[in-house]
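Each chain, written out:
Number of protein chains: 2
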Amino acid sequence: MAGIAYRHLIQKKIVLRHYLFDSCRSRTGLLCRGLSNRASECLLDADSRLLQQEQHGSAIDLSYPTYMVWGANTGVGKTLVSTGLATSILRSEESALKDQTDRLERVSFQGCSDKEMSRLSAKNVLYVKPFQTGFPRDSDARFVAQKVSEFGKMHYGGLTQELIVSNLSVHASAAAQAAVCASKGEYEGIYSEEHGRRDLCASSLDCKTLWSWCNAVSPHLAVSMEGGAVGDKYAVDSLRETLWNFNKNYEAKATVDKPFPQSFRTWGIVETAGGVASPGPSGAPQCDLYRPLRLPGLLVGDGKLGGISCTISAYESLLLRGYDTIAIVLIDFGLGNAQHLRSYLQDKVPILQLSPLPKLSSDLTNWFQQSFETFTKLQKLLEQAFVGRLQRLEEMPKKASQILWWPFTQHSFVLEKNVTVIDSRCGPHFATYKGYMASEKEKIVQQFDACASWWTQGPDPQLQQEIAREVAYTAGRYGHVMFPENVHEPALKCAELLLEGVGKGWADRVYYSDNGSTSIEIALKMAFRRFSLDHGLLYGQRSSVGLKGENLQFKVLALKGSYHGDTLGAMEAQASSPYTGFFQQPWYSGRGFFLDPPTVFCKDGHWHLHLPNILNVFCGADMKKGWKSRDYIFAKDRDGSKLAMLYLNSIGDFLSRLVAEQPDVHTAALIIEPVIHGAGGMHIVDPLYQRVLVQECKRRKIPVIFDEVFAGCWRLGAESAAEILGCVPDIACYAKLLTGGVVPLAATLSQEKFFQAFEGSSKLDALLHGHSFTAHPIGCSAAIKALKYYKNPSKNSNFLPSKARLKELWDQDLVADISAHPIVERIISLGTVFALELHATHAESGYSSMLASNLIERLKSDGIYARPLGNVVYLMCGPMTSVTCCTDLLQRLFSHLKVF
Amino acid sequence: MAGIAYRHLIQKKIVLRHYLFDSCRSRTGLLCRGLSNRASECLLDADSRLLQQEQHGSAIDLSYPTYMVWGANTGVGKTLVSTGLATSILRSEESALKDQTDRLERVSFQGCSDKEMSRLSAKNVLYVKPFQTGFPRDSDARFVAQKVSEFGKMHYGGLTQELIVSNLSVHASAAAQAAVCASKGEYEGIYSEEHGRRDLCASSLDCKTLWSWCNAVSPHLAVSMEGGAVGDKYAVDSLRETLWNFNKNYEAKATVDKPFPQSFRTWGIVETAGGVASPGPSGAPQCDLYRPLRLPGLLVGDGKLGGISCTISAYESLLLRGYDTIAIVLIDFGLGNAQHLRSYLQDKVPILQLSPLPKLSSDLTNWFQQSFETFTKLQKLLEQAFVGRLQRLEEMPKKASQILWWPFTQHSFVLEKNVTVIDSRCGPHFATYKGYMASEKEKIVQQFDACASWWTQGPDPQLQQEIAREVAYTAGRYGHVMFPENVHEPALKCAELLLEGVGKGWADRVYYSDNGSTSIEIALKMAFRRFSLDHGLLYGQRSSVGLKGENLQFKVLALKGSYHGDTLGAMEAQASSPYTGFFQQPWYSGRGFFLDPPTVFCKDGHWHLHLPNILNVFCGADMKKGWKSRDYIFAKDRDGSKLAMLYLNSIGDFLSRLVAEQPDVHTAALIIEPVIHGAGGMHIVDPLYQRVLVQECKRRKIPVIFDEVFAGCWRLGAESAAEILGCVPDIACYAKLLTGGVVPLAATLSQEKFFQAFEGSSKLDALLHGHSFTAHPIGCSAAIKALKYYKNPSKNSNFLPSKARLKELWDQDLVADISAHPIVERIISLGTVFALELHATHAESGYSSMLASNLIERLKSDGIYARPLGNVVYLMCGPMTSVTCCTDLLQRLFSHLKVF
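As given, the protein sequences belong to chains A and B, one line each in that order. One point on numbering: in the numbering used here, the residue at position 635 of the first sequence is 763, and numbering is uninterrupted. One point on numbering: in the numbering used here, the residue at position 133 of the second sequence is 261, and numbering is uninterrupted.
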């Protein structure tokens, strides 16, 4: 069986053929000293590949294991470990395969020819040194290439298995190129005339230096001394591309129909420069720079005095950025560092120790021989981690379908293959897993999270990192501490920021809770209490309060289509909808009077007013002619218009009629989502209507609640939706973006008079609503960081300090163009929100519509993760998303619309 | 004015008197070579002080600034920086005081005599090196003492201001002592016959080495080589004590009535050993070891190659543990590390750079002279941070009273002085701030959080740290990602753990939400849907479903006194209470049938059964005779008892009568808090009654919901309360302890048949309830860590694997004794909960009672933070709290009860 086949393989003779050559090339020209034409071709080829990178998006290859080699400090032996690991892989006897019998059974070796056997046993290792300084004198890639060749020769002398070693430097600064020229061949080493194009039956080691500089200093200093700057994105994309292409060449030769056996024959090793947070060429710490790839890694620890501390700290810096560290390897300096690290990091990461280095570098070969067992152990650990990760990624959709219960999801519709496995996120991008299928490699694919993770997200990669630090610090400092009668810095500071920000000019108090829905229930309780007192509906002392009137009832005034959350109290404040039926919530009764509001939208590049019938009949054509520009809709001078008078009369009549007809039923609060009805289908309510409504309620001493859970904290381009609306509430609720979208936290802000309504001589007068995690420090800290960041012009280039607004993110011409597409019923765009409603017959529209599915699938395959809201498709970005990115999203959307 | 007074001071002549002496002493005996009797006395004195430490609890002195000096690596110059800082402080011209004019105005210098002026201008610096290895040859304390003396001489030559320098080593290993003896005076240096008792008019530098070892290796290795082990707690307490006593001596001479001016004259510098995570003598990284003190610090960065990375990582390790780092100082090695760190850590921490070190150590004096300006700048930064911190701590109660709105709190009752300022937490302890008053120093006081931060807390210091890491990693990896139709590792793994743990044997699906209240609303929706289908109450297809019967209503069956959360849907499932009146929630109607349950409690060391009247009349005396031991109450063999039959009949009758009397009103779910009614006053419901109730409901196809939000996840000593009750639910809710108590997260577990009730051909069949942060990765990760930790015997020594229970935490004899106190009405103790109800007349009892306030205040002043539940006082610990600690809590509580 399989095991036998492998035993047969290792008895084959192995021979070394090595092709070592260095070359370097500037980014604009070519320098291929001493290289044959074929080698030049190869370089050109590498270049053209980089240009093709958009063709497979930003995919990370998962068809073979690739590990970052990090250092706890500089000079800890990263290159030695890379060399040892490469040697171990190239020498290995497919042992991991033997261990993985279940996987092996998929592969049949019976009847393989000798040639096929050779091919199947050939190993291919890619070693990449993205940034090399001190070049050409120093070249870690050359070291690896040379040493592996030597060890290979020593160990396999006389065997017939071939090993082809190549060493290539892709880009070099002008100074580094000049140094190579000046060296007159010294550093080209023992390269062959033949380029090492791989022989399918031979093992190979491809060493690559991506960028090199002449000065032996940190890359960012080398750049400042000799030029050759490299942008972070370009560097990361190039590395991803290099890794992707490495196994692309190998795919053709795979006869086995499963990727695993091949995985173990192909490996990638990426060696970083210096310590984990040492700067790359742009100055960004490498642990930040490489984060978009989030490749798993091994950390080379420090065995010297002080090395325990450096190693723990370096490990924690990787951890803080969401990296997986599979093992720590360190060279013994006789201080027992490995032993100590093992006791401290038990259960977290295995620690491997290498014997002390020889005094003479000529003895290094012996040292590698001695260390072979350790490197093999390391290789095993890395193999196991790789297999474990892939197995888990592969099984996740199935397990999820078996044990999870998603909200708002008809599970019958969700096929396992359509479950999105989210491996991580970096700023606005999900990293999602795509399994092996239809001969496509397993991979991690980047998708723009156009749901802004369900309306909560703010972070760009930098803010995500800053919030991670803040959250880490706060967890370390506080964990959680209970709130009543206590104060802690995060809760106080967050409250101060809210009152200076969204609450500026009207709010006095902050009441924390856990999510939008609870913040609404609290707001209603505040409003009802104040209303009871203001309207003299109670008698007696507060502690033994009674109601005037047996049948007294409180209802809210609200707008049809508004949504305030899923707990019963919040649901009661909204009009009946698919969410509220007996089948969903038998206790819903709809405790509100619901007005049908006018809305505005864009179609054919023009902004239109849509009036409900009750208003439409009284409205002259001049009053509803619409607007060329969206901004006029929000102009305050509309307040004096005839339309404003029409709105006022309609609202006033409605309220007066209620009082007359149902004297015991009080309209005890107005609750609105200012400007946009989010979950109700992304409708912009005519702001004039909401403004008139607020003023009329205030006049009647009906407390006014703004539900800014969706719209607040820059969602609509201003800190609060109230600013856009042009009037202030008595009470307002914030959540979602509040914490930068990382953990649940909500705040209900109110004026002092509401607070005073709960003061009294008894605890029973107090607002008796709370949650254990009220004002939890981690959420408050994240909120502090996010609230400051959004409006810091040095962090958020979208923020316009003079206007206290975000710049226009959605190209208005493009919006107009899209709105003219026949399939588009209407469009809205405001702040970070763009939404379009697809034209549909009545039966297809509404929440239950499946019409949008097609478009959503197209967007997903194009790297945009979206989720429809009935027949409404929206794109939502964060306050820091660039205009370029938004334009790209619109263009892609538009291109997909065109095929309909 | 004040400014003039200070200018006058600096013109005074300053003279140096220096007394340098080393001494070292074993922990058991004394070694005072060459010391006079007075010096010996001083040592004895130091020793006796250590014994007194319990007298002021575990207070951290805030009356003067103290900073930790951390190193990014070993050999980065911590001692040089400590020396420079000490020199700067001793030389400084009270400049910070001049800047702080608002504070200065409190101090009047007019009419001061010259002697008073000298006294007021005298500076006192304490330098502590807790762990010194390589002693006596290496002594950082001696270096500081010698250098400061030299610089003082050079700079102030001929001035009359005195500087008294002392150097003292408190403990030394036997080997270190022997080395001191063998050195024949070499290392005692130039000590005076007189001990440097401070002259009130002279400045002083007191250098102290707390523990020393002979071998020049890491302290943990030195301990293994030569003994002299020091426990972490002892080390931390000794350091705290040393810091506390330093300024104790100075208090007497303070004439000014405000602490600030004195603060700037008195400073503490604590120099750590090696890097931030270098091991202390026990092997624990110092950053963990010193965490209970959470002293602010400065980090000495690394200016060498690789130093940027080390410095950033060290900074992040401190951050991850909740430390405040006020400044980073590093010595220039010509690599621009400071400049780069400044750009990366902008807005976070200031970076100061010191000039390159001289090649010859004899030139060090010049280097200090050159660096004086930088050290002065550093001193300023530390002063500002100190003043800023104190000002903020001081103002927090007032600001909190002005802008925060606490839940469940009658603000009228909360005096500013009673607001607890929580500066941080470490495991079960709050670090709370106590302001300057009644001549007591400002300080940080440790309090045991006996509210378990409102019933959420699990962590000991180690788990807090582990969760902080996990939360950091998850924030870095995911931030937040939306959940519907997606899967991510934390959500899946957490669900798996829940199903293997609390849901074992009955649950199939996990539905996430944000808190206990939302998890209950979801559970009810699940139950109602299943009930509708099981009882054939609907007609038509699910997507166009209709109800059979116009007046159909759903109610729950629940127990009086149970509590399920504050959102309306959860409130509706509980009986009316002070929480539910019109004044609190006008929309509450109480949609349940509420049974009055029998309870059990301990009084006079005996466990009693309390029956409601309806049961009591039918119950024979033999059936209610109670139990000697609590455990029998939970025995399954009670199921066959006469009492069980009585319970069954009573419940059966009740349900049958409901069906007969109100045919349209369906009892569509049973919801109970298993075993304990928490918020309802800490009552143990007779588990037999709940068991019978559950069985009867299951028989009638009424879905059974367990609200384990309070009782689950080890709160009652077992993973789920269901295990203690001895029967399983259909649906159960978990929150609070779920995440280790750090962030809100809830899970509703259910059987598959409930999930199936939501499958269908329309999205409208699905469970349309969700929150944006559903299954947020940070919460799920914390939960994974916590759930595993609680039941890992190597982490939680309370966990008994054979029984799958926690050991008994509350000394049952002591519980019996307390229960016999006349003021005690009843007691319960189970798992992590101990509660006692104070005897009270009817008018005083209930939630509104203030009776317990007195006891609570007494507990607080004794280091136990508690909050009453009406006239119930409880102590709640975490699953890892030691029996010793619980016994201590009980004893203290008992001692305070005795005075009543």
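No wet-lab data here; the hints were simulated from the structure. Just so you know, even glycine gets a beta-carbon here, dropped at the ideal spot from N, CA and C. Among these hints, one or two may not hold up.
Residues of chain B placed beyond 12 Å of chain A at every Cβ, according to the derived structure [claimed, not checked]:
| # | residue |
| --- | --- |
| 1 | L696 |
| 2 | G869 |
| 3 | A944 |
| 4 | A948 |
Below are the DMTMM-like pairs computed for lysine to aspartate or glutamate, each with C-alpha atoms no more than 20 Å apart in a straight line [as the list claims (entries may be wrong)]:
| # | chain 1 | residue 1 | chain 2 | residue 2 |
| --- | --- | --- | --- | --- |
| 5 | B | K487 | B | D475 |
| 6 | B | K621 | A | E887 |
| 7 | B | K891 | A | E985 |
| 8 | B | K526 | A | E887 |
| 9 | B | K988 | A | D475 |
| 10 | B | K526 | A | E613 |
Partial list, computed: chain A residues near chain B (C-beta under 10 Å) [as the list claims (entries may be wrong)]:
| # | residue |
| --- | --- |
| 11 | G355 |
| 12 | G359 |
| 13 | D360 |
| 14 | K361 |
| 15 | G403 |
| 16 | Q538 |
| 17 | Y640 |
| 18 | P714 |
| 19 | S784 |
| 20 | G854 |
| 21 | C855 |
| 22 | S1023 |
Please check whether C855 (chain A) passes as an interface residue: C-beta within 10 Å of a C-beta belonging to chain B. 23 Å, violated
So if I understand the rule, the pair passes when the alpha-carbon distance is 20 Å or less; does K526 (chain B) with E887 (chain A) pass? Given pair K526 (chain B), E887 (chain A) holds - Cα atoms ~17 Å apart, limit 20 Å.
Just checking, G869 (chain B) versus chain A, shortest CB gap more than 12 Å? For G869 (chain B), whose nearest Cβ neighbour in chain A is about 5 Å away, the distance does not exceed 12 Å, so it is violated.
Checking a non-interface call: every C-beta of chain A should be farther than 12 Å from the C-beta of L696 (chain B). Is that right? 3 Å, violated
Just double-check A944 (chain B) for me: nearest Cβ-Cβ distance to chain A has to come out over 12 Å. 30 Å, holds
Given hint E985 (chain A) paired with K891 (chain B) - CA-CA distance at most 20 Å: 18 Å, holds
A948 (chain B) remote from chain A - nearest C-beta pair above 12 Å: 30 Å, holds
Given P714 (chain A) as an interface hint, is the shortest Cβ-Cβ distance to chain B below 10 Å? Status holds, d = 4 Å.
Holds or violated: is the Cβ of S784 (chain A) closer than 10 Å to a Cβ in chain B? Because about 23 Å separates S784 (chain A) from the closest Cβ in chain B, which is outside the 10 Å limit, the hint is violated.
Per-residue hint verdict: G355 (chain A), partner chain B, C-beta under 10 Å: The hint is violated - G355 (chain A) has no Cβ within 10 Å of chain B, the shortest such distance being about 17 Å.
Hint status (Cβ of Q538 (chain A) to nearest Cβ of chain B, threshold 10 Å): It holds, given that the least Cβ distance between Q538 (chain A) and chain B is near 4 Å, below 10 Å.
Chain B contact restraint on G403 (chain A) - CB to CB distance below 10 Å: Holds. Min distance 3 Å.
In summary, the structure is inconsistent with hints 1, 2, 5, 6, 9, 11, 12, 13, 14, 19, 20, 21 and 22 from the numbered list given earlier, while agreeing with the others.
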